[in-house]
Amino acid sequence: MNPDEVSRAFVEHYYSTFDSNRAALANLYQEGSMLTFEGQKIQGSQNIVAKLTSLPFQQCKHAITTVDCQPSGPAGGMLVFVSGNLQLAGEQHALKFSQMFHLIPSPQGSFYVLNDIFRLNYA
Amino acid sequence: MDPDQLSRAFVEHYYSAFDANRAGLGILYQDESMLTFEGQKIQGSQNIVAKLTSLPFQQCQHSITTVDCQPSGPAGGMLVFVSGNLQLAGEQHALKFSQGFEVRSD
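Protein chains in written order, with this note's numbering: chain Z, 1 to 123; chain S, 1001 to 1106.
Please note: incorrect hints may appear among the correct ones.
Claimed, not checked - Partial chain Z-side listing against chain S, Cβ under 7 Å, derived:
1) MET34
2) THR36
3) ASP68
4) SER72
5) GLY73
6) SER98
7) HIS102
8) GLN108
9) TYR112
10) ILE117
Simulated from the structure, these hints should not be mistaken for laboratory data. No residue lacks a Cβ here, since even glycine has one placed at the ideal position from N, Cα and C.
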């Protein structure tokens, strides 16, 4: 797979996991991983998953509009830049968001998220 | 300066350079730098500056709403994630944008 295909596959996997079972996102982060969620800084897979599973909604659905990626650094890392819509169950209007990931290859041949920055885009 | 101050200083510098004199952005990029602009992939400082100086407006003003940063790994870089508004001269409404940078010291 070329980098664009790899990043699209990662994005597909990330958001379908998020939307069906947020606790399972733990596999995608490690101890040194960092999430900045609407300005709040969180480090480490456990703390990141604690934050994501405590968000104030039961169900959500991400619909991705754009995915851009670039190689990052000599070790096969990738920057992935996503924009899309986030529909919360029971809300009339979807929220718009942008998110940036820095993916690092794992020994098992997949990727984990080292850096994750999430922002809602307000009108 | 702590990383948050550094990233805010970088962002301030980047967008004021962009708004005042896009050709001057050349010093912020190198040969291996990559820009993806609205899906179009461009590599190298010269090509990047050629793209930015050829954008179809004379004057613009960026106003920055949010700046987030994180260290990006052992090579000492920083990820900087920006959102804001872009006002083009003569247009009634500002455009909203988001931009992600990976910044390295040279």
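The hints, checked one at a time:
1. For Z/MET34, the shortest C-beta to C-beta distance to chain S is roughly 5 Å, which falls under 7 Å, so the interface hint holds.
2. With 7 Å as the threshold, the beta carbon of Z/THR36 comes within range of chain S, its nearest partner Cβ sitting at about 5 Å, so the hint holds.
3. With 7 Å as the threshold, the beta carbon of Z/ASP68 comes within range of chain S, its nearest partner Cβ sitting at about 5 Å, so the hint holds.
4. The interface hint given for Z/SER72 is met, as the beta carbon of that residue sits about 6 Å from the closest beta carbon of chain S, less than 7 Å.
5. Taken as an interface hint, Z/GLY73 checks out: its beta carbon lies about 6 Å from the nearest beta carbon of chain S, inside 7 Å.
6. For the restraint placing Z/SER98 at the interface with chain S, the shortest Cβ-Cβ distance is roughly 4 Å, inside the 7 Å limit, so the hint holds.
7. Checking Z/HIS102 against chain S: minimum C-beta separation of about 6 Å stays under 7 Å; hint holds.
8. Given hint, Z/GLN108 at the interface with chain S, is violated; its Cβ is 19 Å from that chain's nearest Cβ, farther than 7 Å.
9. Interface hint status for Z/TYR112: violated, as the beta-carbon distance to the closest one in chain S is roughly 12 Å, over 7 Å.
10. Given the 7 Å rule on beta carbons, the hint for Z/ILE117 holds: about 4 Å separates it from the nearest Cβ of chain S.
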